[in-house]
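**Student:** Here is how the chains run, residue by residue.
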Amino acid sequence: MNHLRHALRVFAAETLKQHRRLFGQPLVVFSMLVWPVLQLATTYYTLRPVATASRAAENWPLAADPERLLAFLATGTLAYAFFFSLVQSAWHLSFERATGTLELLFLSPAGRLTLMIANGAGALLQNAWLLTCFTVAALTGFGTLSVAAWWMYGIVLLALLVPAVAWGAFLNSLLVFSRDSAFLYTILDEPLWFVSGVRLPHFALPAAVQVVGAVFPLTGSLLAVRGALLEHRTVSDLAPTLLGLGALSALLLAAASLILRVGEARARRTGALSLA
Amino acid sequence: MPTARATAWRTWQMTRRAYPWTYAVGTVLPAALTIALAYLGFHAIGGGEVGDDFAADSGTTAYLAYIVVGATAFQFTVRLILWSAKALITEQRQGTLGALLIAPAARLPYLLGFTGFAVLSSIVEFFTLGLVVAALGITVPVSSVPGALLGALALIAAVFALSVGLGGLMIAAGEAHISQNTVFIVLGLVSGFTFPRDYLPEPARWFAELLPTTSAMDVLHGSFTGGQSLPELLPRLAVCALLTGAYLFIGLTWLPRAEARAAERTY
Chain C
689 MNHLRHALRV FAAETLKQHR RLFGQPLVVF SMLVWPVLQL ATTYYTLRPV
739 ATASRAAENW PLAADPERLL AFLATGTLAY AFFFSLVQSA WHLSFERATG
789 TLELLFLSPA GRLTLMIANG AGALLQNAWL LTCFTVAALT GFGTLSVAAW
839 WMYGIVLLAL LVPAVAWGAF LNSLLVFSRD SAFLYTILDE PLWFVSGVRL
889 PHFALPAAVQ VVGAVFPLTG SLLAVRGALL EHRTVSDLAP TLLGLGALSA
939 LLLAAASLIL RVGEARARRT GALSLA
Chain Z
512 MPTARATAWR TWQMTRRAYP WTYAVGTVLP AALTIALAYL GFHAIGGGEV
562 GDDFAADSGT TAYLAYIVVG ATAFQFTVRL ILWSAKALIT EQRQGTLGAL
612 LIAPAARLPY LLGFTGFAVL SSIVEFFTLG LVVAALGITV PVSSVPGALL
662 GALALIAAVF ALSVGLGGLM IAAGEAHISQ NTVFIVLGLV SGFTFPRDYL
712 PEPARWFAEL LPTTSAMDVL HGSFTGGQSL PELLPRLAVC ALLTGAYLFI
762 GLTWLPRAEA RAAERTY
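One line per chain: the protein sequences are C and Z, in this order. Here my numbering is used: the first residue of the first sequence is 689, the next is one more, and so on. Here my numbering is used: the first residue of the second sequence is 512, the next is one more, and so on.
None of these hints come from the bench; they were simulated from the model. Yeah, the Cβ is synthetic: ideal placement off N, Cα and C, and Gly gets one too. Treat each hint with caution, since some may be false.
Listed next, the stretches of chain Z that the computed footprint assigns to chain C, with coverage defined by at least 3 CB atoms under 8 angstroms from CB atoms of chain C [said to hold, decoys possible]:
1) 545-552
2) 561-574
3) 768-774
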């Protein structure tokens, strides 16, 4: 019990730190509102020639209606922004390496995994509320939402939040122990949208890409979010996806914990903050 | 010219030694993924066809070739801006801007040195992209070789002209991340890289006309998939040249003031 209270205090402190650092920054407004909206427009227009093809409606019924296509892409943008804000937060955490505060973190008695989770969660709450408001407004305005029950919104939020935080903890642990974090940032930014079906339905992706995509929790989150918001799915319809997401999140947290242990043990022995 | 050559050589040495892969992957990957996205959508959703309005607005049904030209040109634009516009703020961040300002080297050749390096290194990166395009089996028709060459030159000049002013803005504001990404995303949306501009609402189309990259892209698309000959491309080339000249003039006039502001803020 005492242990848990300690972890919660560390969590609150780290989240507050992230809040103070990010809140009200112009970067948050741009990266979570202006850029995603403009990017959404670019993606929509780039795919429009394909969606207006004469055979598009039989391949993908959703494509026939421009508003539903836009809603499909908007949910993709929303979920991607959730996950991307964590890539960004992990990238910021790697600055602690450069400024020398990472050693202080490791000297403190705070739980390592708790710190990593809190860092991601703090960034997420800061960043994603803006885009969530926008997307909900846009989707309700279009009248393209098809939701089975009001509490499905809660399921949607959980299906985004839990895997995103696990993903954030995993990325944070990985980036803390790597020197060229900008490189990982590039690698994780672009392919993430591609393999997870952010801008295309899953059936359009080749099998190999789908297999790779299954490793990323964004894939499952998107299936759940689109199923619940656009396709009138109930919890029992989505149960396999949600269970898979839960298992994947647990796996990511376990991997993060392992990376932190291995990395710290190595740092103690060699003095180098790296995994290999 | 010695300044330009020395700058380009220094940048090459630095990139080769410190970040051999970061930039190459950062250029090839986004363009390759955009092309792959269009390829998958074209086959799985469009069933190998595109809508009639695309042919009407772009003058071609070769959607994939259109995307290849557009995505490559866009990545090239991004790369060029990252090198040329960020040159001065990089000096500022590394603490060498003061030394650069008092050095007896003019700013124009210095910036041209960065652009020269960016153009040469991007050409190498685009050979890699060519392999991706070939692997997907996309053929890009060329209707006018001189038009394509002039179009590429126009795009380089247009982006350079934009970069001069943007570089000044960055050192005056002491900020690069927000300004550069906003410029990339706005250019990608309005300048007609990956879709015909007629899709956009009227005000956005007018706004696009103010950017020199828009007319440069008209020339490039026209000379590849558009089936236009050189005389047909000349009017848009002239527009591009005019706008490029105007941007360059404004940028070079404003740059000394931006430098003064940056220096006063630092010391």
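**Student:** At least three residues with a C-beta closer than 8 angstroms to a C-beta of chain C: is that true for the stretch 545-552 of chain Z?
**Tutor:** holds (count 6)
**Student:** Taking a Cβ-Cβ distance under 8 angstroms as contact, does the stretch 561-574 of chain Z have three or more residues in contact with chain C?
**Tutor:** holds (count 6)
**Student:** Are there at least three residues in the stretch 768-774 of chain Z whose beta carbon sits under 8 angstroms from a beta carbon of chain C?
**Tutor:** The restraint on the stretch 768-774 of chain Z is violated, since only 0 of its residues have a Cβ under 8 angstroms from chain C and three are required.
Checked against the numbered hints listed earlier, the structure breaks hint 3 alone; every other hint is satisfied.
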